[in-house]
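S.K.: Generate the whole structure from the sequences, applying the supplied hints.
Residue numbers (this note's numbering), protein chains in the order written: chain A, 1 to 112; chain B, 113 to 223.
No lab work stands behind these hints: they were computed from the structure.
Note that the Cβ used here is the ideal one computed from N, Cα and C, for glycine as well.
Heads up, a few of these hints could be off.
As the list claims (entries may be wrong) - These stretches of chain B come out as covered by chain A in the derived footprint (C-beta under 8 angstroms, 3 or more residues):
#1 129-142
#2 187-199
Unchecked claim - List time: in silico DSSO-like cross-link candidates among lysine-lysine, alpha-carbon distance up to 27 angstroms:
#3 A:Lys28 to A:Lys80
#4 B:Lys154 to B:Lys215
#5 B:Lys154 to A:Lys26
#6 A:Lys80 to A:Lys70
#7 B:Lys154 to A:Lys28
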Amino acid sequence: AQTIHQWPVAEIKAVGSPLSLGCTIKGKSSPNLYWYWQATGGTLQQLFYSITVGQVESVVQLNLSASRPKDDQFILSTEKLLLSHSGFYLCAWSPWGGVTQYFGPGTRLLVL
Amino acid sequence: QQKVQQSPESLTVSEGAMASLNCTFSDGTSNNFRWYRQHSAKGLEVLVSIFSDGEKEEGRFTAHLNRANLHVSLHIREPQPSDSAVYLCAVSMTGYQNFYFGKGTSLTVIP
Chain A
1 AQTIHQWPVA EIKAVGSPLS LGCTIKGKSS PNLYWYWQAT GGTLQQLFYS
51 ITVGQVESVV QLNLSASRPK DDQFILSTEK LLLSHSGFYL CAWSPWGGVT
101 QYFGPGTRLL VL
Chain B
113 QQKVQQSPES LTVSEGAMAS LNCTFSDGTS NNFRWYRQHS AKGLEVLVSI
163 FSDGEKEEGR FTAHLNRANL HVSLHIREPQ PSDSAVYLCA VSMTGYQNFY
213 FGKGTSLTVI P
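M.R.: Here's what the structure looks like:
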């Protein structure tokens with residue numbers, strides 16, 4: 001069974017519309033959680049990380065926000081999408097204090 | 113801000129020959145280094161993490177770190193066609209929470 005699930009798989013949205021991407025980790029207690037973004041042909045960038053429920057640290061400012069409402073859930077959102085938000089969004093988890101990471105399948109976003 | 117540069121941009125090797133990838137970083141206080149593989153079918157995975165100068169081996173993958181030279185490399189022993197992928201170097205100054213990535217090296221392994 002897949003440990004990390006991301007939704008939706010892909011999305012096409014209009015500029016100025018809201019966005020919510022989700023990530024759920026199954027069967028892991030108190031994981032560290034991460035959001036990454038990669039523009040088409042671009043460099044992978046870390047956006048946010050969270051080490052516990054309710055606590056999120058921002059790494060790169062892209063007019064996006066993240067929240068961790070539950071131990072196993074990580075949400076990426078914005079109220080107004082920009083064309084520059086297009087790309088591939090990856091969620092990842094690592095064990096507390098762990099040296100490795102495990103990535104979800106990703107969400108491909110196209111903003112028109 | 114940390115700058116991470118990888119070379120070469122692309123590399124083609126024959127099956128069984130050693131593949132060597134390079135990565136330079138700008139911040140000498142960096143303390144955590146990772147090599148990732150981004151495979152079109154399998155997604156993104158961590159291959160090896162290294163924290164101190166020297167080498168770290170994980171199966172056929174060996175990372176070499178020289179912080180004085182701001183350089184970390186990845187060597188793939190006996191590469192196979194299934195190793196064809198984009199390899200990403202990532203560097204952190206803050207332990208394991210925040211990494212900066214290079215643009216990647218696209219590796220093609222020819223049978």
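S.K.: Are the hints correct? Go through all of them and say.
M.R.: Structure-based check of all given hints:
1. 129-142: violated (count 0)
2. 187-199: violated (count 0)
3. A:Lys28 to A:Lys80: 33 angstroms, violated
4. B:Lys154 to B:Lys215: This hinted pair holds, its Cα atoms lying about 19 angstroms apart.
5. B:Lys154 to A:Lys26: 19 angstroms, holds
6. A:Lys80 to A:Lys70: 24 angstroms, holds
7. B:Lys154 to A:Lys28: The hint holds at about 21 angstroms.
In terms of the numbered hints stated before, the structure departs from hints 1, 2 and 3, listed from lowest to highest.
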